[in-house]
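Please construct the entire structure, taking both the sequences and the accompanying hints into account.
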Amino acid sequence: MIAELGHFATILALVLALLGATVPHVGIARGDSRLMAVADNAAIGQFLMAIIAFGALMYSYIISDFSVYAVAANSHSAKPMLYKIAGVWGNHEGSLLLWILMLTLFAAALSLKGRKLPQRFRTRVIAVQSALVVGFLLFILFTSNPFVRLDPAPFEGNGLNPLLQDPGLAFHPPMLYLGYVGLSVAFSFAVAALIEGEVTPLWARWVRPWTLVAWMFLTAGIILGSWWAYYELGWGGWWFWDPAENASFMPWLVATALLHSAIVVEKRDALKSWTILLSIVAFSFSLLGTFLVRSGVITSVHAFANDPARGVFILGFLVVVIGGALTLYAWRAPKLTPGGLFGLVSRESALVLNNILLSTFAGVVLVGTLYPLVLEATGSGQISVGAPFFDFGAIVLMSPLIVALGFGPLLAWKRGRLPRAATTLLPALVVALVVGLFTYWQTAGGVVMTAFGLLLATWLLASVAMEIAERTQLFKNPAGFLRRLRHLPRASWGMSLAHSGVAVLLFGITISEAWTEEKLVIMQRGDTAEVGDYSVRFDGVAPVTGPNYTAIQGHFYASPKSGGADIMLEPQDRLYTDPVMNTTEAAIHSMLSGDLYAVIGEAAGGGRWSVRLYFKPFVVGLWLGAAMMVLGGLLSLSDRRLRVGAPKAKKLSAEA
Amino acid sequence: MQRFAPLIIVLALAGLFFMMMTQEGRNPNEIKSVMIGKPAPAFSIPGLEADAPGLTDADLRTGEPVLVNFFASWCVPCRAEHESLMALAREHGATVIGIAYKDTPDRSLAFLDELGNPFAKTGADLDGRVAIDWGVTGVPETFLVDGSGTIVYRHWGPIVGDGLEAQVLPALEALK
Amino acid sequence: MAGLKTRKRQRLVVMIVAVAVLALAAFLIVFAGRQTGSFNLFLQPSEVFQQKVAVGQRFRLGGLVETGSVARKDDGLTYEFRVTDCAADLPVSYTGIMPSLFREGQGVVSEGALNADGVFVADTVLAKHDENYAAPGTLPKNEEACGHPEALTAGQDGR
Chain B
1 MIAELGHFAT
11 ILALVLALLG
21 ATVPHVGIAR
31 GDSRLMAVAD
41 NAAIGQFLMA
51 IIAFGALMYS
61 YIISDFSVYA
71 VAANSHSAKP
81 MLYKIAGVWG
91 NHEGSLLLWI
101 LMLTLFAAAL
111 SLKGRKLPQR
121 FRTRVIAVQS
131 ALVVGFLLFI
141 LFTSNPFVRL
151 DPAPFEGNGL
161 NPLLQDPGLA
171 FHPPMLYLGY
181 VGLSVAFSFA
191 VAALIEGEVT
201 PLWARWVRPW
211 TLVAWMFLTA
221 GIILGSWWAY
231 YELGWGGWWF
241 WDPAENASFM
251 PWLVATALLH
261 SAIVVEKRDA
271 LKSWTILLSI
281 VAFSFSLLGT
291 FLVRSGVITS
301 VHAFANDPAR
311 GVFILGFLVV
321 VIGGALTLYA
331 WRAPKLTPGG
341 LFGLVSRESA
351 LVLNNILLST
361 FAGVVLVGTL
371 YPLVLEATGS
381 GQISVGAPFF
391 DFGAIVLMSP
401 LIVALGFGPL
411 LAWKRGRLPR
421 AATTLLPALV
431 VALVVGLFTY
441 WQTAGGVVMT
451 AFGLLLATWL
461 LASVAMEIAE
471 RTQLFKNPAG
481 FLRRLRHLPR
491 ASWGMSLAHS
501 GVAVLLFGIT
511 ISEAWTEEKL
521 VIMQRGDTAE
531 VGDYSVRFDG
541 VAPVTGPNYT
551 AIQGHFYASP
561 KSGGADIMLE
571 PQDRLYTDPV
581 MNTTEAAIHS
591 MLSGDLYAVI
601 GEAAGGGRWS
611 VRLYFKPFVV
621 GLWLGAAMMV
631 LGGLLSLSDR
641 RLRVGAPKAK
651 KLSAEA
Chain A
1 MQRFAPLIIV
11 LALAGLFFMM
21 MTQEGRNPNE
31 IKSVMIGKPA
41 PAFSIPGLEA
51 DAPGLTDADL
61 RTGEPVLVNF
71 FASWCVPCRA
81 EHESLMALAR
91 EHGATVIGIA
101 YKDTPDRSLA
111 FLDELGNPFA
121 KTGADLDGRV
131 AIDWGVTGVP
141 ETFLVDGSGT
151 IVYRHWGPIV
161 GDGLEAQVLP
171 ALEALK
Chain Y
1 MAGLKTRKRQ
11 RLVVMIVAVA
21 VLALAAFLIV
31 FAGRQTGSFN
41 LFLQPSEVFQ
51 QKVAVGQRFR
61 LGGLVETGSV
71 ARKDDGLTYE
81 FRVTDCAADL
91 PVSYTGIMPS
101 LFREGQGVVS
111 EGALNADGVF
121 VADTVLAKHD
131 ENYAAPGTLP
141 KNEEACGHPE
151 ALTAGQDGR
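Chains as they are written, first to last, in full-length UniProt numbering: chain B, 1 to 656; chain A, 1 to 176; chain Y, 1 to 159.
Derived from the structure by calculation, the hints contain no laboratory data.
Yeah, the Cβ is synthetic: ideal placement off N, Cα and C, and Gly gets one too.
Among the hints, a few may not be true.
Said to hold, decoys possible - In silico lysine to any residue, SDA-like type, Cα no more than 25 angstroms apart, as pairs: (1) B:Lys113 - B:Trp227; (2) B:Lys113 - B:Trp235; (3) B:Lys519 - Y:Gly76; (4) A:Lys38 - Y:Ala71; (5) B:Lys335 - B:Lys519; (6) Y:Lys8 - A:Leu169; (7) B:Lys476 - B:Trp413; (8) B:Lys414 - Y:Ala113; (9) A:Lys38 - A:Asn117; (10) B:Lys335 - Y:Thr95; (11) A:Lys38 - Y:Gln106; (12) A:Lys38 - A:Ser148; (13) Y:Lys73 - Y:Gly56; (14) A:Lys121 - B:Ala153; (15) A:Lys38 - A:Pro6; (16) A:Lys38 - A:Ala171; (17) B:Lys414 - Y:Lys8; (18) B:Lys335 - B:Arg30; (19) B:Lys519 - Y:Lys8; (20) Y:Lys8 - B:Arg30; (21) Y:Lys8 - B:Gly340; (22) B:Lys519 - Y:Ala113; (23) Y:Lys8 - B:Arg415; (24) B:Lys414 - Y:Leu12; (25) A:Lys121 - A:Glu49; (26) B:Lys414 - B:Thr337; (27) Y:Lys73 - Y:Thr95; (28) Y:Lys8 - B:Trp274.
Claimed, not checked - Here are some chain Y residues pointing at chain B (derived, C-beta under 8 angstroms): (29) Arg7; (30) Val21; (31) Ala25; (32) Val30; (33) Phe39; (34) Leu41; (35) Asp75; (36) Thr78.
Said to hold, decoys possible - Away from chain B, derived, C-beta distances all over 10 angstroms, residues of chain Y: (37) Ala18; (38) Ala54; (39) Arg60.
Below you can see the structure in the form of C-alpha cells.
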C-alpha cells in the first residue's frame, strides 16, 4: 500500500511539475499574476509529493518489504538500520528519486526564500526548475520505477554491495547530489536571464548564494567519497581519477570558476555572457556525471548496474536540456550588453585568469575521461588514461592559479598596481622560497615536485596572511589592528579561510605523497616491523562476527620510538554473506603528524600473515583543507544572507 | 560562430555516446562465464518436495545432455521464460533441471503449480551457495551440461524472443 | 602597464591568454601524456604476442586468471599466475597483497611491464569488484577459443 502511495505521489508530482513548467510562462506573457503564482504553488506541491514518494520508498526499506522490487534487489533483512536507509540511494532507482527530491527542494526553496526577487523573474526561474523536474520524473516513471511490485515476493533480499556498507559512503551520495542539483539553480537562473534577455549585477548577487551552497555540498561530497576510498579500498590512495570521480570533479571545477566570475558580474557588470555560459556548463557537467555512471558507456567501480534503454533516455534528456540551453545561449547571448572595461592588471584580470585555468583543467579532465571512449569508437584499440596524465595537467594548470591566487585579492578593481601588490607579498615570497629551497636541499635535490608543492602551499598561506595584514594595516597602524580585524566583513573571512583551505590541502597532498612509508611484510605473532617512527608488533589474529559478516581481525601494537603510549591497530578482512564478498577494512590511526595505516592480507601458512603497513604524514591536511573550504563558503554565505535583497551596494572590496 | 561552439561540442559528444551505447554486442556488464568447458562444480542440495531425493552433481553425469536452470518464484523474468522451458521439456524432449535460488520450497512449488513444471528434477539452493559456485550473475540463468558433467553453454538472462530458436536449441543440437 | 583602452583590445588580450592556455592543454594531452606513460595500452595476452610488446614498456593486461595456475612463492608475498584470453596466456608475477576478490577463473586487470624472461611483472592488480561489475577488458576478445557460442554473434571488435 505504502509503495503504491509513493508511486501515486510521483505521478502527482509529475502533473504539478508539468503545470509549473508551462502555466507561469503563459502568465508572464499575459501579465496575469495569478497564473504566474502557479509556479510557486506547483514548486511547493512538487516538493511535498517528492517527500511522500521518497518517504514511502524509505519506509519500504526500513520494514524490509521485499515485495517492492527495489528493496528486494538492494536490501537484506539482516542489514544494520543505517545501511537499510542508505540502501535507498545506493542504487539507480532510489538515487534518482533522491535527485528529484533535491531538485524539488531547491525549487521550493527558491519559491520561499526568493520572495525578494522580482516576481516575473522568479517565476521564470522556478518554471525552468519545474521543467527539469518533469524530465527526471518521466525518466523515473518510464524506465526506473522503484515502486514496482514483485508478486510473489522473495523471502529475502539480495543485499547491498558490502563495499558500500560504510558510514562514509552512506552520506557521500546525498552530499554530492545536493551539490549536483544545487547547480541546477544557477542553470535555471541563467536560462531565465537568457529568456528575459538581461543580466544585471543584481542577477549575479542572486545567483551567487545558490552557487555557493551547491559548491559547498559538492566539495563536502567529493571529499567524503575520497575519504571513503582512502580507508575502505585498502590501497592507501584517496584519489584514483576514476571516471566516476572525474564526473564529480568537473562540475566542481566549473562551479568554482562560476563562483569567481559571478563576482565580476556583481561588482563590475562585466563577463556577463561568459558567466551565463558557465552556469549552463556547470549543471551540464552534473548531468553528464549522472549519465556516465548510469548509461553503461563507461565501466567504473562506481557504476550502477545499467541498461541501454535508460542510457538512451537520459542521453535524449541531456541533449534536450543542455542543447536547448546552449541554443538559447547562442541566440540570446549577443543581446547581453557588454560590461565595464578593466585594466590588464586588475582584480578582474586575476579572476579571468582563474576562470581560464579552471575551465581548461575541467576540459583536460573531460578529455582524459572520454579519450578512451573516442579511441574505442574509432576502433583504434583500448587504452586507459592513467593518473600521471591528470596529475601532470593539475600541476601545469593549477600552479599558475595558486601563484595568481596570492596576488588576486590584493589587486584593485578596474586597475590594480602590480608593484604595490608585489611589495606587500614580498615577505610571503621570501618565506615560500626559504621553505622550497630548504626542502630541496633536505631531500638532496631528489624530489623537485615536493619542494615546489611546499613552496606553492607556503606562498598561498603566507599571502593570505599578508592580505589580511594589509587590509587591517597591521604594519602601518598597529594600534587599530584588532578593531579593524573585527570589522572585516564575513565574506572576506570566508574568502581567506577557503583560500587557506586550498593551501592546507596542498600541504596535505604534497607531504603525504612525498614522505609516505610503505612496508609489505610477512609477520607472525610477536614479529615487529618498522614504519615511520613507529615499531609495529603483530599480536596474532582472531575471528570476529558482525551483523552480516564474519571477519579475521589482526591485532597490532604500534609504539612510537620517541616514547609514549602504544597505539592499537585492528585491521579486518571481512567476508560478507549477502551478497558473498570479501572486503578489506584498513585500521587507521589518524594523528596530526600522520596516519598509521594497517591492512591485513592473506594467511601465508604457519601462522604467518601478509601485512601492509603505511605511515602517511599529514593526510589530515586533505580533510582539514576541504573542511576549511566548506567553512569558508559557509562564512561567506552568512554574510551574503544579510545582504540578499539589500539595496544595490556600490562597492564592497570583500571577496574575490 | 564562437557562440555556437559549446552547442557543437555537446552535440558531437552526444553522438559519440549514442554510438557507444547502441553498438552491437557491447555490454560492459555481461560477464562471460568462465565455467564453459569446465566440469560442473560439485554440490548436493535437497529437493523441493520434502520427500523427493536431493539433487547432486551426479545427476548431471548421466550420459545425456541436461539443461540446468536457476530460477526463483520472486523473479519476474523467470515467469517470462517459463514458456520456453516448458517447450524445451515437452516439445524438444530436453531434460531440464531446476534449481530454486534463494526461495522457500513452498513458494517455488506454488510457482510451478501455477505455470506448469518443466523440470525433470529440482533442487533448493536456499542460501545461494550453488549459484555462487556456478558463477551465476542473476536469475534466471541456464547452463547446458553435456552427458559427462561438463558445462558447454550458458544462457545469460531469460530465454525469451528468439533466444530459444537461435541459441539454446542449436547448442543442444550440437551435443546430439 | 598599459591599460586596456578599448573593448576590442580587452577582448583580444583575454582571447590570447585563453588560446595560450588551451594550447598548453593541447600540448599536455598530446605530448606529455605520451611521455609520462599515461596512456597505457589495454592488451590481452594474444595481443601482447601479436604486437611484440617491448620489454619494459608499461601496459595494462586484461584477461582471466588461468585455473590452477596461481602459485605463491616462499616469501609469502610474491604471487605467480597466468593470465589467459583462451587463445594465449602470459605468466604474471606480482608482489604485494592480492585484492580479496582475486580468484582463479575470474577476470583480472594488472598493470606493469614485461621483463627479459617474458614474465609480466605487475605492480597493481585489480580484480572483479562484485557480481555486477567485470573489470573492463577482462572479457576474452577471442571468445571462440573459450568455446563460447555467443562469441559468433558478438561484434567485430570482439566485445
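Evaluation of the provided hints:
{"no.": "1", "hint": "B:Lys113 - B:Trp227", "result": "violated, 33 angstroms"}
{"no.": "2", "hint": "B:Lys113 - B:Trp235", "result": "violated, 45 angstroms"}
{"no.": "3", "hint": "B:Lys519 - Y:Gly76", "result": "holds, 14 angstroms"}
{"no.": "4", "hint": "A:Lys38 - Y:Ala71", "result": "holds, 20 angstroms"}
{"no.": "5", "hint": "B:Lys335 - B:Lys519", "result": "violated, 63 angstroms"}
{"no.": "6", "hint": "Y:Lys8 - A:Leu169", "result": "violated, 73 angstroms"}
{"no.": "7", "hint": "B:Lys476 - B:Trp413", "result": "holds, 22 angstroms"}
{"no.": "8", "hint": "B:Lys414 - Y:Ala113", "result": "violated, 55 angstroms"}
{"no.": "9", "hint": "A:Lys38 - A:Asn117", "result": "violated, 28 angstroms"}
{"no.": "10", "hint": "B:Lys335 - Y:Thr95", "result": "violated, 63 angstroms"}
{"no.": "11", "hint": "A:Lys38 - Y:Gln106", "result": "holds, 13 angstroms"}
{"no.": "12", "hint": "A:Lys38 - A:Ser148", "result": "holds, 11 angstroms"}
{"no.": "13", "hint": "Y:Lys73 - Y:Gly56", "result": "holds, 23 angstroms"}
{"no.": "14", "hint": "A:Lys121 - B:Ala153", "result": "holds, 24 angstroms"}
{"no.": "15", "hint": "A:Lys38 - A:Pro6", "result": "violated, 53 angstroms"}
{"no.": "16", "hint": "A:Lys38 - A:Ala171", "result": "holds, 16 angstroms"}
{"no.": "17", "hint": "B:Lys414 - Y:Lys8", "result": "holds, 16 angstroms"}
{"no.": "18", "hint": "B:Lys335 - B:Arg30", "result": "holds, 23 angstroms"}
{"no.": "19", "hint": "B:Lys519 - Y:Lys8", "result": "violated, 60 angstroms"}
{"no.": "20", "hint": "Y:Lys8 - B:Arg30", "result": "violated, 40 angstroms"}
{"no.": "21", "hint": "Y:Lys8 - B:Gly340", "result": "holds, 12 angstroms"}
{"no.": "22", "hint": "B:Lys519 - Y:Ala113", "result": "holds, 22 angstroms"}
{"no.": "23", "hint": "Y:Lys8 - B:Arg415", "result": "holds, 17 angstroms"}
{"no.": "24", "hint": "B:Lys414 - Y:Leu12", "result": "holds, 17 angstroms"}
{"no.": "25", "hint": "A:Lys121 - A:Glu49", "result": "holds, 10 angstroms"}
{"no.": "26", "hint": "B:Lys414 - B:Thr337", "result": "holds, 18 angstroms"}
{"no.": "27", "hint": "Y:Lys73 - Y:Thr95", "result": "holds, 10 angstroms"}
{"no.": "28", "hint": "Y:Lys8 - B:Trp274", "result": "holds, 16 angstroms"}
{"no.": "29", "hint": "Arg7", "result": "holds, 6 angstroms"}
{"no.": "30", "hint": "Val21", "result": "holds, 5 angstroms"}
{"no.": "31", "hint": "Ala25", "result": "holds, 5 angstroms"}
{"no.": "32", "hint": "Val30", "result": "violated, 10 angstroms"}
{"no.": "33", "hint": "Phe39", "result": "holds, 5 angstroms"}
{"no.": "34", "hint": "Leu41", "result": "holds, 6 angstroms"}
{"no.": "35", "hint": "Asp75", "result": "holds, 7 angstroms"}
{"no.": "36", "hint": "Thr78", "result": "violated, 10 angstroms"}
{"no.": "37", "hint": "Ala18", "result": "violated, 5 angstroms"}
{"no.": "38", "hint": "Ala54", "result": "holds, 16 angstroms"}
{"no.": "39", "hint": "Arg60", "result": "violated, 6 angstroms"}
In the structure shown, a violation is registered for the earlier hints numbered 1, 2, 5, 6, 8, 9, 10, 15, 19, 20, 32, 36, 37, 39, in ascending order.
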